[in-house]
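K.L.:
Chain A is fixed; fit chain B onto it per the hints.
Protein sequences, first through last, are from chains A and B.
Here our numbering is used: the first sequence runs in plain steps of one and ends on residue 336.
Here our numbering is used: the second sequence runs in plain steps of one and ends on residue 672.
One or more hints might be untrue.
Distance windows between CB atoms, simulated [what the hints assert, rightly or not]:
| hint | chain 1 | residue 1 | chain 2 | residue 2 | range |
| --- | --- | --- | --- | --- | --- |
| 1 | A | 41 | B | 486 | 49 to 57 Å |
| 2 | B | 658 | A | 285 | 51 to 59 Å |
| 3 | B | 393 | A | 162 | 51 to 59 Å |
| 4 | A | 126 | B | 392 | 46 to 54 Å |
| 5 | A | 52 | B | 482 | 54 to 62 Å |
| 6 | B | 369 | A | 290 | 46 to 54 Å |
| 7 | B | 391 | A | 290 | 28 to 36 Å |
| 8 | B | 479 | A | 41 | 46 to 54 Å |
| 9 | A | 49 | B | 628 | 31 to 39 Å |
| 10 | A | 278 | B | 628 | 41 to 49 Å |
| 11 | B | 501 | A | 102 | 34 to 42 Å |
| 12 | B | 463 | A | 169 | 22 to 30 Å |
By construction, these hints were calculated from the structure, which means they are not laboratory data.
Glycine is no exception: its CB is placed at the ideal position from the N, C-alpha and C atoms.
There are 2 protein chains.
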Amino acid sequence: MNAATPTPTPERTRPVLAIHGGAGTLLRSQMTPAKEREYLAAMESILLAGQAQLAAGAAALDVVVEAVRRLEECELFNAGRGAVYTAAGTHELDASVMDGRNLQAGAVAGVTRTRNPVLAARAVMQHSEHLMFIGAAADAFAAAQGLAQVEPAWFGTEARLAQLRRAQETDSGALLDHDGQSQVAAASGPIDERSKTGTVGAVALDAQGHLAAATSTGGMTNKRPGRVGDSPIIGAGCYANDATVAVSCTGTGEAFMRSCAAFDVSALMAYAGLDLAAAAERVVHQHLPQVGGSGGLIAVSARGEISLCFNSEGMYRGHVRGDEAPAVAIYGEAGE
Amino acid sequence: MNAATPTPTPERTRPVLAIHGGAGTLLRSQMTPAKEREYLAAMESILLAGQAQLAAGAAALDVVVEAVRRLEECELFNAGRGAVYTAAGTHELDASVMDGRNLQAGAVAGVTRTRNPVLAARAVMQHSEHLMFIGAAADAFAAAQGLAQVEPAWFGTEARLAQLRRAQETDSGALLDHDGQSQVAAASGPIDERSKTGTVGAVALDAQGHLAAATSTGGMTNKRPGRVGDSPIIGAGCYANDATVAVSCTGTGEAFMRSCAAFDVSALMAYAGLDLAAAAERVVHQHLPQVGGSGGLIAVSARGEISLCFNSEGMYRGHVRGDEAPAVAIYGEAGE
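With the rest of the complex left out, here is chain A (with noise of 0.2 Å):
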């Protein structure tokens, strides 16, 4: 796909900044409304912080990068601080970068010690020649390139390790199951933690009319050590171009990653000539379902459309556009 000049705008782009913060199962009958409003306050917060930078002309790259950085440090989303606990009892944390503008790219998996695997993600993409690094030599190079390194244990919350020994407790081996919601604890937020779709992103298109994706998580509860997901890999759980779109996705990675989810929306839109909202609809709502894909994703496009698409029951998701307030959800319909 070509790294063309986006569409001309008028004057200035209006910036847009999507944010999500994994999807999945509902346990809406567990919730209790100041636990959805902490959720929504949370997002809330990191969109009014990227709308002032879009607003002082920020690059869309800066923008979701520190959307996710700061995704990353709230405990409630499963993504650096907060993140689930392997069947090992470990963290393994995994995150990409892309910049629409040049294509250029980043990603860290199965990283234990960076503590913003997004910022190492970036690092990756601008300080070294190669685009992903794995395992404690991305910690290596993290840490060299002065990014904070924190105790494993850094990363695990009560609520956390509650959600493994129940997981272990209730299943032999990897979380499959989406049902059983009895069993899960009040720690649990409004979307069950013991699905396997739990991740962060952002995605953003700047005043210069540049697209940019940052995608993160913290893997799945009780997985075995050394799986990685979709969140890492360019063109699935992250991708951007100036020429079409910048997407993040979140769901069961697996079907993300054969279905080369996030690169296929953007060819779709430059190759089928689907708009945004067609283009996520068919990925979500047709490619993923028929390799077993539940999730969805969150998307900008060149020409500013916005696109917050899912199959799952429910998926942690706002953005904003200009000056307008932002909107957040976390149950309901699809779209904008």
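P.N.:
Okay, now just chain B, sitting in the frame of chain A:
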């Protein structure tokens, strides 16, 4: 992209197998006819074995995995035994496989003890609920599946070690230059082993009309440990879909990842209506060069079209169709 039924063929499809052993800068001036014959004979032998399998009705998946296993076992190519050394004097191997029948896929990255990484990739696909494992966990999974493990030194050869030593003597960092050919020892093959493009791969169309692709690599000489290229990334270095095409790539991995090169060929066919030759040329001669990408790909379409397309000076490559004699080549023009 849909996992649709392949285009119906009049009777049984004439099966096709294509393989590559890497692409890059040529060292023709330093080459001996004997050395060239050694490379060509190795590829021809592997094609003949695959041809026999296909004639006996073997599935494309089995044929590409076996072809790549043989390429891994061959010291001439940078995958499995004969893999290049990292800057740390170690070996890190990556592989992937995809089955066009159902879009199932498997991958491993950073394995150091599994004798045949392509078999590990297949095992991940078939015997786990995941798609990708990295590092020691990938080796452990392979071992638990009964796949042969070796001491890391098994992958090394005298010739590869000499390459590392030369690289470390002549460069301060990773191997970047494609010049200075006078310093290349006679141990090199026809293509400059110091280029970043060592990979092997196979694509096949079987008599039932199914497609499959597999890719494997030993990485790049003197690379920073932990770097992962396109070879284990579904959509970048490997893709197969019965509705369109099977693709295996080789080249400067980062560019293939940024381009989602393998999936891009499929998308151009499915969405833009290009035939295989046009789609492969668009990717290899337009999209990849736009991001600095050098190398090539092999592909076979659901209709039996073959493309062996590269923008570098040479690519070890060959193909066989039905009961015809295999065709193998190193230099020259791309195409069947």
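K.L.:
Decide, hint by hint, whether the structure agrees.
P.N.:
So, going through the hints one by one against the coordinates:
no.	hint	result
1	A:41 x B:486: 49 to 57 Å	holds, 54 Å
2	B:658 x A:285: 51 to 59 Å	violated, 40 Å
3	B:393 x A:162: 51 to 59 Å	holds, 53 Å
4	A:126 x B:392: 46 to 54 Å	holds, 52 Å
5	A:52 x B:482: 54 to 62 Å	holds, 57 Å
6	B:369 x A:290: 46 to 54 Å	holds, 51 Å
7	B:391 x A:290: 28 to 36 Å	holds, 32 Å
8	B:479 x A:41: 46 to 54 Å	holds, 48 Å
9	A:49 x B:628: 31 to 39 Å	holds, 34 Å
10	A:278 x B:628: 41 to 49 Å	violated, 32 Å
11	B:501 x A:102: 34 to 42 Å	holds, 36 Å
12	B:463 x A:169: 22 to 30 Å	holds, 25 Å
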